[in-house]
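Make a model of the complete structure from these sequences and hints.
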Amino acid sequence: MAGNVATSAVINRGMVTATVMLATLMQALDTTIANVALPYMQGSLAATSDQINWVLTSYIVAAAIITPATGWLEARFGRKPLFLTAVIGFIVTSMLCGAAVSLAQMVMFRLLQGIFGAPLVPLSQSVLLDAYPQEQQGQAMAVFGLGVMLGPILGPTLGGWLTDSYTWRWVFYVNLPLGVLCAFGIFLFLGRRADRPLARRLDWLGFASLSLGIGALQLLLDRGERLDWFASREIQLEAALCVLGIYLFTVHSLTASDTFIDLALFRDRNYVIGIMLIFIVGVVLLATLSLLTPYLERLMNYPVLTAGLVLAPRGVGTMAAMLLAGQLIRFVDARLLIATGLGITAFSLHLMTGFTPDVAQGTLVRTGLLQGFGIGFVFVALGTVAFGTLPPALRTQGTGLFNLMRNIGASIGISVMGYLLVRNSAVTQAGLVEHVTPFRQVIRDHAQQLGIATVHGRAALAQLVTAQAEAVAFIDNFKLMMFVSLLAIPLAMLVQRPRRPPGKEGQAGTLAEA
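Counting in our numbering, the sequence shown runs from 1254 upward without gaps.
Watch out, some of these pointers could steer you wrong.
[What the hints assert, rightly or not] The calculated label-pair distances, taken between Cβ atoms and stated as ranges, are:
| # | residue 1 | residue 2 | range |
| --- | --- | --- | --- |
| 1 | 1504 | 1454 | 17 to 23 Å |
| 2 | 1672 | 1330 | 37 to 43 Å |
| 3 | 1433 | 1584 | 37 to 43 Å |
| 4 | 1306 | 1717 | 39 to 45 Å |
| 5 | 1454 | 1586 | 17 to 23 Å |
| 6 | 1338 | 1509 | 24 to 30 Å |
Note that these hints are calculated values from the structure, not bench results.
We put the beta carbon where it would ideally sit given N, CA and C, even for glycine.
Here's what the structure looks like:
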(Lines of atoms letter the chains of each structure in order from A and count residues from 1; the text may use other names and numbers.)
(Lines give C-alpha, C1' and ligand atoms only; values in the text may rest on other atoms or scores of the structure.)
Protein backbone atom coordinates (compact mmCIF):
# COMPACT_ATOMS: atom_id res chain seq x y z
CA MET A 1 0.00 0.00 0.00
CA ALA A 2 2.80 2.40 0.85
CA GLY A 3 4.35 1.73 -2.47
CA ASN A 4 1.10 2.57 -4.21
CA VAL A 5 0.92 5.87 -2.38
CA ALA A 6 4.40 6.77 -3.42
CA THR A 7 3.75 5.85 -7.03
CA SER A 8 0.55 7.88 -7.04
CA ALA A 9 2.46 10.83 -5.66
CA VAL A 10 5.07 10.63 -8.41
CA ILE A 11 2.45 10.26 -11.17
CA ASN A 12 0.25 13.13 -9.93
CA ARG A 13 2.99 15.42 -8.68
CA GLY A 14 3.22 17.48 -11.87
CA MET A 15 -0.53 18.11 -12.03
CA VAL A 16 -0.77 18.91 -8.33
CA THR A 17 2.16 21.33 -8.70
CA ALA A 18 0.46 23.08 -11.62
CA THR A 19 -2.79 23.27 -9.65
CA VAL A 20 -1.33 24.87 -6.53
CA MET A 21 0.74 27.19 -8.73
CA LEU A 22 -2.53 28.49 -10.21
CA ALA A 23 -4.02 28.97 -6.74
CA THR A 24 -0.97 30.87 -5.53
CA LEU A 25 -0.79 33.06 -8.63
CA MET A 26 -4.51 33.84 -8.49
CA GLN A 27 -4.37 35.00 -4.87
CA ALA A 28 -1.07 36.87 -5.29
CA LEU A 29 -2.38 38.73 -8.35
CA ASP A 30 -5.38 39.99 -6.41
CA THR A 31 -3.18 41.72 -3.84
CA THR A 32 -2.15 44.34 -6.44
CA ILE A 33 -4.25 43.97 -9.60
CA ALA A 34 -7.13 46.10 -8.26
CA ASN A 35 -4.90 49.02 -7.24
CA VAL A 36 -4.68 50.58 -10.70
CA ALA A 37 -8.45 50.28 -11.20
CA LEU A 38 -9.39 52.29 -8.07
CA PRO A 39 -9.80 55.65 -9.88
CA TYR A 40 -12.20 54.02 -12.37
CA MET A 41 -14.13 52.28 -9.58
CA GLN A 42 -14.41 55.58 -7.73
CA GLY A 43 -16.44 57.19 -10.50
CA SER A 44 -18.50 54.09 -11.25
CA LEU A 45 -19.41 53.48 -7.60
CA ALA A 46 -19.86 57.18 -6.72
CA ALA A 47 -17.27 57.04 -3.93
CA THR A 48 -14.85 59.58 -2.50
CA SER A 49 -11.09 59.00 -2.67
CA ASP A 50 -11.09 57.94 1.00
CA GLN A 51 -14.10 55.65 0.66
CA ILE A 52 -12.78 53.79 -2.39
CA ASN A 53 -9.67 52.72 -0.47
CA TRP A 54 -11.90 50.46 1.65
CA VAL A 55 -11.97 48.20 -1.44
CA LEU A 56 -8.32 47.39 -0.68
CA THR A 57 -8.50 47.66 3.11
CA SER A 58 -11.39 45.20 3.53
CA TYR A 59 -9.56 42.53 1.51
CA ILE A 60 -6.25 42.99 3.32
CA VAL A 61 -7.75 42.94 6.82
CA ALA A 62 -9.95 39.89 6.16
CA ALA A 63 -7.05 37.92 4.65
CA ALA A 64 -4.73 38.85 7.53
CA ILE A 65 -7.22 37.64 10.15
CA ILE A 66 -8.03 34.30 8.48
CA THR A 67 -4.50 33.33 7.34
CA PRO A 68 -3.30 32.15 10.80
CA ALA A 69 -6.45 30.01 11.13
CA THR A 70 -5.56 27.90 8.07
CA GLY A 71 -3.91 25.17 10.15
CA TRP A 72 -6.94 24.73 12.41
CA LEU A 73 -9.36 24.84 9.45
CA GLU A 74 -7.37 22.10 7.68
CA ALA A 75 -7.39 19.89 10.77
CA ARG A 76 -11.11 20.47 11.28
CA PHE A 77 -12.41 20.06 7.72
CA GLY A 78 -9.58 18.34 5.83
CA ARG A 79 -7.13 19.76 3.32
CA LYS A 80 -8.95 18.88 0.10
CA PRO A 81 -12.43 20.10 1.20
CA LEU A 82 -10.92 23.32 2.59
CA PHE A 83 -8.83 23.95 -0.53
CA LEU A 84 -11.78 23.30 -2.85
CA THR A 85 -14.12 25.48 -0.78
CA ALA A 86 -11.58 28.31 -0.70
CA VAL A 87 -11.06 28.25 -4.48
CA ILE A 88 -14.78 28.07 -5.32
CA GLY A 89 -15.53 30.81 -2.78
CA PHE A 90 -12.78 32.95 -4.25
CA ILE A 91 -14.22 32.53 -7.77
CA VAL A 92 -17.78 33.36 -6.67
CA THR A 93 -16.75 36.43 -4.67
CA SER A 94 -14.55 37.62 -7.55
CA MET A 95 -17.58 37.48 -9.85
CA LEU A 96 -19.65 39.34 -7.26
CA CYS A 97 -16.95 42.03 -7.01
CA GLY A 98 -17.03 42.46 -10.77
CA ALA A 99 -20.82 42.81 -10.72
CA ALA A 100 -21.00 45.20 -7.72
CA VAL A 101 -23.09 48.32 -8.31
CA SER A 102 -22.45 50.17 -5.04
CA LEU A 103 -19.54 50.81 -2.71
CA ALA A 104 -21.22 48.88 0.12
CA GLN A 105 -21.58 45.80 -2.10
CA MET A 106 -17.98 46.06 -3.30
CA VAL A 107 -16.53 46.35 0.21
CA MET A 108 -18.62 43.41 1.46
CA PHE A 109 -17.69 41.20 -1.51
CA ARG A 110 -13.99 42.13 -1.19
CA LEU A 111 -14.09 41.22 2.50
CA LEU A 112 -15.54 37.81 1.60
CA GLN A 113 -12.96 37.44 -1.17
CA GLY A 114 -10.21 38.04 1.39
CA ILE A 115 -11.69 35.40 3.71
CA PHE A 116 -11.81 32.75 0.98
CA GLY A 117 -8.44 33.77 -0.49
CA ALA A 118 -6.54 33.66 2.82
CA PRO A 119 -6.01 29.85 2.96
CA LEU A 120 -4.89 29.53 -0.69
CA VAL A 121 -1.21 30.44 -0.30
CA PRO A 122 -0.53 28.57 3.00
CA LEU A 123 -2.32 25.46 1.69
CA SER A 124 -0.41 25.61 -1.60
CA GLN A 125 2.93 25.80 0.19
CA SER A 126 2.02 23.00 2.59
CA VAL A 127 0.82 20.77 -0.26
CA LEU A 128 4.07 21.25 -2.18
CA LEU A 129 6.22 20.55 0.88
CA ASP A 130 4.32 17.30 1.43
CA ALA A 131 4.48 16.35 -2.24
CA TYR A 132 8.26 16.39 -2.61
CA PRO A 133 10.94 14.53 -0.64
CA GLN A 134 13.32 16.79 1.29
CA GLU A 135 16.06 16.66 -1.34
CA GLN A 136 13.61 18.09 -3.91
CA GLN A 137 11.89 20.67 -1.71
CA GLY A 138 14.08 23.43 -3.12
CA GLN A 139 12.47 22.83 -6.51
CA ALA A 140 9.04 22.83 -4.87
CA MET A 141 9.72 26.19 -3.20
CA ALA A 142 10.95 27.55 -6.54
CA VAL A 143 7.60 26.72 -8.13
CA PHE A 144 5.69 28.11 -5.15
CA GLY A 145 7.79 31.27 -5.16
CA LEU A 146 7.05 31.94 -8.82
CA GLY A 147 3.39 32.45 -7.99
CA VAL A 148 3.98 34.42 -4.79
CA MET A 149 6.59 36.77 -6.26
CA LEU A 150 5.32 37.18 -9.81
CA GLY A 151 1.75 37.98 -8.73
CA PRO A 152 2.50 41.39 -7.15
CA ILE A 153 4.88 42.27 -10.01
CA LEU A 154 2.51 41.35 -12.85
CA GLY A 155 -0.66 42.55 -11.08
CA PRO A 156 -0.37 46.28 -11.88
CA THR A 157 0.59 45.57 -15.51
CA LEU A 158 -2.28 43.16 -16.07
CA GLY A 159 -4.69 45.40 -14.15
CA GLY A 160 -3.69 48.43 -16.21
CA TRP A 161 -4.11 46.56 -19.49
CA LEU A 162 -7.50 45.10 -18.55
CA THR A 163 -8.77 48.47 -17.34
CA ASP A 164 -7.56 50.33 -20.44
CA SER A 165 -8.71 47.67 -22.92
CA TYR A 166 -12.01 46.61 -21.33
CA THR A 167 -13.35 47.85 -17.98
CA TRP A 168 -12.27 47.79 -14.35
CA ARG A 169 -14.66 44.89 -13.73
CA TRP A 170 -12.31 42.57 -15.64
CA VAL A 171 -9.66 42.80 -12.93
CA PHE A 172 -12.04 40.54 -10.99
CA TYR A 173 -13.51 38.51 -13.85
CA VAL A 174 -9.98 37.40 -14.85
CA ASN A 175 -10.04 35.05 -11.83
CA LEU A 176 -12.78 32.91 -13.40
CA PRO A 177 -10.67 30.86 -15.89
CA LEU A 178 -7.79 30.51 -13.42
CA GLY A 179 -10.12 29.50 -10.61
CA VAL A 180 -12.07 26.96 -12.66
CA LEU A 181 -8.86 25.23 -13.79
CA CYS A 182 -7.59 25.25 -10.20
CA ALA A 183 -10.84 23.79 -8.81
CA PHE A 184 -10.82 20.96 -11.37
CA GLY A 185 -7.17 20.24 -10.57
CA ILE A 186 -7.88 19.99 -6.84
CA PHE A 187 -10.92 17.77 -7.41
CA LEU A 188 -9.12 15.41 -9.80
CA PHE A 189 -5.57 15.21 -8.48
CA LEU A 190 -5.58 16.05 -4.78
CA GLY A 191 -6.42 13.00 -2.67
CA ARG A 192 -7.11 12.84 1.04
CA ARG A 193 -4.20 13.45 3.35
CA ALA A 194 -2.93 10.25 4.95
CA ASP A 195 -1.40 11.96 8.01
CA ARG A 196 -4.13 14.55 8.61
CA PRO A 197 -3.54 16.17 12.02
CA LEU A 198 -6.16 15.67 14.71
CA ALA A 199 -8.72 18.46 14.95
CA ARG A 200 -8.42 20.44 18.15
CA ARG A 201 -11.00 22.58 19.88
CA LEU A 202 -10.76 26.12 18.54
CA ASP A 203 -9.06 28.40 21.03
CA TRP A 204 -11.59 31.22 20.72
CA LEU A 205 -9.77 33.61 23.05
CA GLY A 206 -6.50 33.12 21.19
CA PHE A 207 -8.17 33.53 17.80
CA ALA A 208 -10.16 36.60 18.88
CA SER A 209 -7.20 38.38 20.49
CA LEU A 210 -4.88 37.66 17.55
CA SER A 211 -7.57 38.77 15.10
CA LEU A 212 -8.03 41.99 17.06
CA GLY A 213 -4.30 42.70 17.06
CA ILE A 214 -3.71 41.85 13.40
CA GLY A 215 -6.88 43.53 12.15
CA ALA A 216 -6.15 46.75 14.04
CA LEU A 217 -2.53 46.71 12.82
CA GLN A 218 -3.58 46.33 9.18
CA LEU A 219 -6.15 49.13 9.51
CA LEU A 220 -3.53 51.36 11.12
CA LEU A 221 -0.98 50.69 8.38
CA ASP A 222 -3.46 51.02 5.54
CA ARG A 223 -5.15 54.24 6.71
CA GLY A 224 -2.31 55.91 8.62
CA GLU A 225 -0.89 57.98 5.78
CA ARG A 226 -4.29 59.31 4.69
CA LEU A 227 -5.26 60.26 8.26
CA ASP A 228 -1.89 61.86 9.19
CA TRP A 229 -0.94 58.97 11.45
CA PHE A 230 -1.14 59.62 15.20
CA ALA A 231 -2.70 63.04 14.74
CA SER A 232 -5.89 61.07 14.07
CA ARG A 233 -8.06 59.68 16.86
CA GLU A 234 -8.89 56.68 14.67
CA ILE A 235 -5.22 55.75 14.30
CA GLN A 236 -4.66 56.20 18.04
CA LEU A 237 -7.57 53.85 18.75
CA GLU A 238 -6.31 51.26 16.25
CA ALA A 239 -2.82 51.40 17.77
CA ALA A 240 -4.26 50.83 21.25
CA LEU A 241 -6.39 47.91 20.03
CA CYS A 242 -3.37 46.40 18.25
CA VAL A 243 -1.24 46.52 21.40
CA LEU A 244 -4.11 45.16 23.52
CA GLY A 245 -4.81 42.30 21.11
CA ILE A 246 -1.15 41.23 20.80
CA TYR A 247 -0.68 41.51 24.59
CA LEU A 248 -3.74 39.36 25.35
CA PHE A 249 -2.72 36.81 22.72
CA THR A 250 0.84 36.57 24.08
CA VAL A 251 -0.23 36.20 27.72
CA HIS A 252 -2.93 33.67 26.83
CA SER A 253 -0.58 31.62 24.64
CA LEU A 254 2.03 31.41 27.39
CA THR A 255 -0.44 30.36 30.09
CA ALA A 256 -3.07 28.21 28.32
CA SER A 257 -2.62 24.49 27.64
CA ASP A 258 -4.25 24.31 24.18
CA THR A 259 -3.44 27.45 22.21
CA PHE A 260 -4.56 28.77 18.82
CA ILE A 261 -1.00 28.71 17.47
CA ASP A 262 1.05 25.70 18.56
CA LEU A 263 4.07 27.00 20.48
CA ALA A 264 6.06 24.01 19.21
CA LEU A 265 6.57 26.09 16.05
CA PHE A 266 8.77 28.49 18.01
CA ARG A 267 10.97 25.72 19.35
CA ASP A 268 12.31 25.18 15.82
CA ARG A 269 15.27 27.54 15.43
CA ASN A 270 15.27 27.53 11.63
CA TYR A 271 11.57 28.26 11.46
CA VAL A 272 11.85 31.23 13.84
CA ILE A 273 14.76 32.70 11.88
CA GLY A 274 12.83 31.94 8.69
CA ILE A 275 9.77 34.00 9.69
CA MET A 276 12.06 36.86 10.75
CA LEU A 277 13.79 36.82 7.37
CA ILE A 278 10.56 36.48 5.36
CA PHE A 279 9.30 39.55 7.24
CA ILE A 280 12.35 41.44 5.93
CA VAL A 281 11.80 40.07 2.41
CA GLY A 282 8.22 41.37 2.57
CA VAL A 283 9.49 44.79 3.62
CA VAL A 284 12.13 45.05 0.90
CA LEU A 285 10.21 43.51 -2.01
CA LEU A 286 6.83 45.22 -1.68
CA ALA A 287 8.16 48.50 -0.27
CA THR A 288 10.55 48.84 -3.21
CA LEU A 289 7.74 48.10 -5.67
CA SER A 290 5.52 50.64 -3.92
CA LEU A 291 8.27 53.25 -4.37
CA LEU A 292 9.07 52.46 -7.99
CA THR A 293 5.50 52.77 -9.27
CA PRO A 294 5.03 56.44 -8.22
CA TYR A 295 8.64 57.16 -9.22
CA LEU A 296 7.89 56.11 -12.78
CA GLU A 297 4.41 57.61 -12.97
CA ARG A 298 4.94 60.90 -11.10
CA LEU A 299 8.56 61.82 -11.70
CA MET A 300 9.02 60.28 -15.14
CA ASN A 301 5.42 60.72 -16.36
CA TYR A 302 5.11 57.10 -17.52
CA PRO A 303 1.59 55.85 -18.31
CA VAL A 304 0.36 53.07 -16.02
CA LEU A 305 0.84 50.35 -18.64
CA THR A 306 4.34 51.54 -19.59
CA ALA A 307 5.36 51.66 -15.93
CA GLY A 308 4.13 48.11 -15.50
CA LEU A 309 6.10 46.92 -18.53
CA VAL A 310 9.28 48.56 -17.22
CA LEU A 311 8.81 46.82 -13.85
CA ALA A 312 8.00 43.44 -15.40
CA PRO A 313 11.65 42.39 -16.07
CA ARG A 314 12.25 42.03 -12.34
CA GLY A 315 9.79 39.14 -12.60
CA VAL A 316 12.05 37.57 -15.23
CA GLY A 317 15.00 37.90 -12.85
CA THR A 318 12.97 36.35 -10.04
CA MET A 319 11.92 33.44 -12.23
CA ALA A 320 15.47 32.73 -13.40
CA ALA A 321 16.86 32.89 -9.85
CA MET A 322 14.18 30.62 -8.43
CA LEU A 323 14.68 27.95 -11.05
CA LEU A 324 18.46 28.11 -10.55
CA ALA A 325 18.23 28.16 -6.74
CA GLY A 326 15.86 25.18 -6.81
CA GLN A 327 18.68 23.15 -8.34
CA LEU A 328 21.60 24.68 -6.43
CA ILE A 329 20.10 24.18 -2.97
CA ARG A 330 20.64 20.43 -3.27
CA PHE A 331 24.42 21.02 -3.36
CA VAL A 332 25.02 24.49 -1.86
CA ASP A 333 24.53 25.59 1.76
CA ALA A 334 21.21 27.42 1.97
CA ARG A 335 22.81 30.07 4.17
CA LEU A 336 25.15 30.96 1.34
CA LEU A 337 22.24 31.26 -1.09
CA ILE A 338 20.31 33.52 1.30
CA ALA A 339 23.35 35.71 1.94
CA THR A 340 24.13 35.90 -1.78
CA GLY A 341 20.55 36.85 -2.60
CA LEU A 342 20.48 39.55 0.08
CA GLY A 343 23.83 40.87 -1.15
CA ILE A 344 22.59 41.06 -4.76
CA THR A 345 19.42 42.81 -3.59
CA ALA A 346 21.45 45.33 -1.58
CA PHE A 347 23.72 45.97 -4.60
CA SER A 348 20.70 46.61 -6.84
CA LEU A 349 19.35 49.09 -4.29
CA HIS A 350 22.77 50.76 -4.19
CA LEU A 351 22.53 51.23 -7.97
CA MET A 352 19.05 52.69 -7.52
CA THR A 353 20.44 55.42 -5.26
CA GLY A 354 21.95 56.85 -8.45
CA PHE A 355 18.55 57.28 -10.13
CA THR A 356 17.55 60.70 -11.50
CA PRO A 357 14.16 61.90 -12.81
CA ASP A 358 15.41 61.19 -16.35
CA VAL A 359 17.06 57.81 -15.72
CA ALA A 360 17.28 55.62 -18.83
CA GLN A 361 14.86 52.72 -19.29
CA GLY A 362 17.81 50.37 -19.75
CA THR A 363 19.07 51.23 -16.27
CA LEU A 364 15.61 50.63 -14.80
CA VAL A 365 15.41 47.24 -16.49
CA ARG A 366 18.91 46.16 -15.42
CA THR A 367 18.41 47.07 -11.78
CA GLY A 368 15.00 45.37 -11.82
CA LEU A 369 16.47 42.16 -13.24
CA LEU A 370 19.23 42.22 -10.64
CA GLN A 371 16.88 42.87 -7.74
CA GLY A 372 14.45 40.19 -8.90
CA PHE A 373 17.34 37.74 -9.13
CA GLY A 374 18.45 38.47 -5.56
CA ILE A 375 14.96 38.17 -4.07
CA GLY A 376 14.38 34.91 -5.97
CA PHE A 377 17.50 33.36 -4.44
CA VAL A 378 16.44 34.37 -0.94
CA PHE A 379 12.86 33.15 -1.23
CA VAL A 380 13.66 29.62 -2.42
CA ALA A 381 16.41 29.01 0.13
CA LEU A 382 14.35 30.53 2.92
CA GLY A 383 11.27 28.43 2.17
CA THR A 384 13.42 25.30 2.15
CA VAL A 385 15.30 25.83 5.43
CA ALA A 386 12.32 27.23 7.36
CA PHE A 387 10.32 24.02 6.87
CA GLY A 388 13.17 21.53 6.50
CA THR A 389 13.19 20.70 10.22
CA LEU A 390 9.51 21.33 10.98
CA PRO A 391 7.34 18.25 11.73
CA PRO A 392 4.84 17.57 8.89
CA ALA A 393 1.90 17.90 11.30
CA LEU A 394 2.85 21.55 11.90
CA ARG A 395 3.45 22.50 8.28
CA THR A 396 0.08 24.01 7.39
CA GLN A 397 -0.02 26.06 10.58
CA GLY A 398 3.60 27.00 9.94
CA THR A 399 2.95 28.10 6.36
CA GLY A 400 0.02 30.22 7.54
CA LEU A 401 2.18 32.12 10.03
CA PHE A 402 5.07 32.28 7.53
CA ASN A 403 2.91 33.98 4.90
CA LEU A 404 1.25 36.21 7.48
CA MET A 405 4.67 37.54 8.51
CA ARG A 406 5.53 38.22 4.86
CA ASN A 407 2.31 40.15 4.38
CA ILE A 408 2.72 42.14 7.60
CA GLY A 409 6.29 42.96 6.58
CA ALA A 410 4.99 44.21 3.24
CA SER A 411 2.32 46.35 4.92
CA ILE A 412 4.78 47.85 7.39
CA GLY A 413 7.38 48.45 4.67
CA ILE A 414 4.90 50.19 2.37
CA SER A 415 3.53 52.37 5.19
CA VAL A 416 6.94 53.36 6.58
CA MET A 417 8.36 54.09 3.13
CA GLY A 418 5.27 56.14 2.25
CA TYR A 419 5.61 58.17 5.45
CA LEU A 420 9.34 58.74 4.94
CA LEU A 421 8.79 59.69 1.30
CA VAL A 422 6.32 62.44 2.21
CA ARG A 423 8.37 63.67 5.18
CA ASN A 424 11.77 63.66 3.45
CA SER A 425 10.31 65.25 0.33
CA ALA A 426 8.89 68.14 2.38
CA VAL A 427 12.15 68.62 4.31
CA THR A 428 14.25 68.51 1.13
CA GLN A 429 11.91 70.87 -0.70
CA ALA A 430 12.14 73.38 2.14
CA GLY A 431 15.93 73.21 1.93
CA LEU A 432 15.95 73.64 -1.85
CA VAL A 433 13.58 76.61 -1.73
CA GLU A 434 16.04 78.44 0.54
CA HIS A 435 18.61 78.29 -2.28
CA VAL A 436 16.25 79.50 -5.01
CA THR A 437 17.39 83.14 -5.02
CA PRO A 438 18.15 85.54 -7.88
CA PHE A 439 21.73 85.85 -6.57
CA ARG A 440 22.71 82.35 -7.79
CA GLN A 441 23.87 82.14 -11.38
CA VAL A 442 22.30 78.73 -12.01
CA ILE A 443 18.93 80.06 -10.82
CA ARG A 444 19.20 83.09 -13.10
CA ASP A 445 19.94 80.79 -16.06
CA HIS A 446 16.92 78.58 -15.34
CA ALA A 447 14.76 81.63 -14.69
CA GLN A 448 15.46 82.90 -18.19
CA GLN A 449 14.79 79.48 -19.76
CA LEU A 450 11.53 79.03 -17.85
CA GLY A 451 10.35 82.59 -18.29
CA ILE A 452 9.97 83.16 -14.56
CA ALA A 453 8.44 86.58 -15.12
CA THR A 454 5.23 84.80 -16.17
CA VAL A 455 2.84 82.80 -14.00
CA HIS A 456 3.49 79.72 -16.13
CA GLY A 457 7.24 80.11 -15.68
CA ARG A 458 6.99 80.41 -11.90
CA ALA A 459 4.77 77.33 -11.78
CA ALA A 460 7.31 75.42 -13.88
CA LEU A 461 10.12 76.41 -11.50
CA ALA A 462 8.07 75.30 -8.48
CA GLN A 463 7.33 72.00 -10.22
CA LEU A 464 11.04 71.49 -10.94
CA VAL A 465 11.95 72.07 -7.27
CA THR A 466 9.21 69.66 -6.13
CA ALA A 467 10.41 66.97 -8.57
CA GLN A 468 14.01 67.28 -7.38
CA ALA A 469 12.91 67.10 -3.73
CA GLU A 470 10.87 63.95 -4.43
CA ALA A 471 13.82 62.39 -6.29
CA VAL A 472 16.07 62.94 -3.26
CA ALA A 473 13.42 61.44 -0.95
CA PHE A 474 13.12 58.35 -3.17
CA ILE A 475 16.91 57.91 -3.14
CA ASP A 476 16.97 58.16 0.67
CA ASN A 477 14.37 55.37 0.84
CA PHE A 478 16.32 53.17 -1.58
CA LYS A 479 19.38 53.68 0.61
CA LEU A 480 17.43 52.65 3.72
CA MET A 481 16.21 49.48 1.98
CA MET A 482 19.82 48.71 1.01
CA PHE A 483 20.92 48.84 4.67
CA VAL A 484 17.95 46.68 5.73
CA SER A 485 19.02 44.03 3.20
CA LEU A 486 22.63 44.10 4.39
CA LEU A 487 21.67 43.89 8.07
CA ALA A 488 19.66 40.73 7.37
CA ILE A 489 22.76 38.81 6.20
CA PRO A 490 24.13 38.08 9.73
CA LEU A 491 20.68 36.79 10.71
CA ALA A 492 20.81 34.32 7.82
CA MET A 493 24.10 32.94 9.16
CA LEU A 494 22.29 31.75 12.31
CA VAL A 495 20.32 29.17 10.32
CA GLN A 496 21.29 25.57 11.09
CA ARG A 497 21.80 23.32 8.12
CA PRO A 498 19.03 20.69 8.41
CA ARG A 499 20.16 17.11 8.70
CA ARG A 500 18.84 15.03 5.84
CA PRO A 501 16.44 12.38 7.15
CA PRO A 502 16.34 8.87 5.69
CA GLY A 503 15.17 9.61 2.15
CA LYS A 504 11.99 7.79 1.22
CA GLU A 505 10.14 8.68 -1.89
CA GLY A 506 7.06 7.36 -0.20
CA GLN A 507 7.19 10.19 2.33
CA ALA A 508 6.31 12.54 -0.48
CA GLY A 509 3.05 10.75 -1.01
CA THR A 510 1.23 13.00 1.40
CA LEU A 511 1.21 15.73 -1.22
CA ALA A 512 -0.89 13.98 -3.81
CA GLU A 513 -2.75 12.20 -1.09
CA ALA A 514 -3.25 15.39 0.91
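Evaluation of the provided hints:
For residue 1504 and residue 1454, the hinted distance range of 17 to 23 Å is satisfied, since their beta carbons lie about 19 Å from each other. In this structure the supplied range 37 to 43 Å holds for residue 1672 paired with residue 1330, their Cβ-Cβ distance being about 41 Å. Distance hint check: the CB atoms of residue 1433 and residue 1584 are about 40 Å apart, consistent with the given range 37 to 43 Å. Between residue 1306 and residue 1717 the beta carbons are some 30 Å apart, a value that contradicts the proposed interval 39 to 45 Å.
Judged by the Cβ atoms, the range 17 to 23 Å given for residue 1454 and residue 1586 is violated: they are separated by roughly 42 Å. As the Cβ distance of residue 1338 to residue 1509 is approximately 29 Å, the hint placing it in 24 to 30 Å holds.
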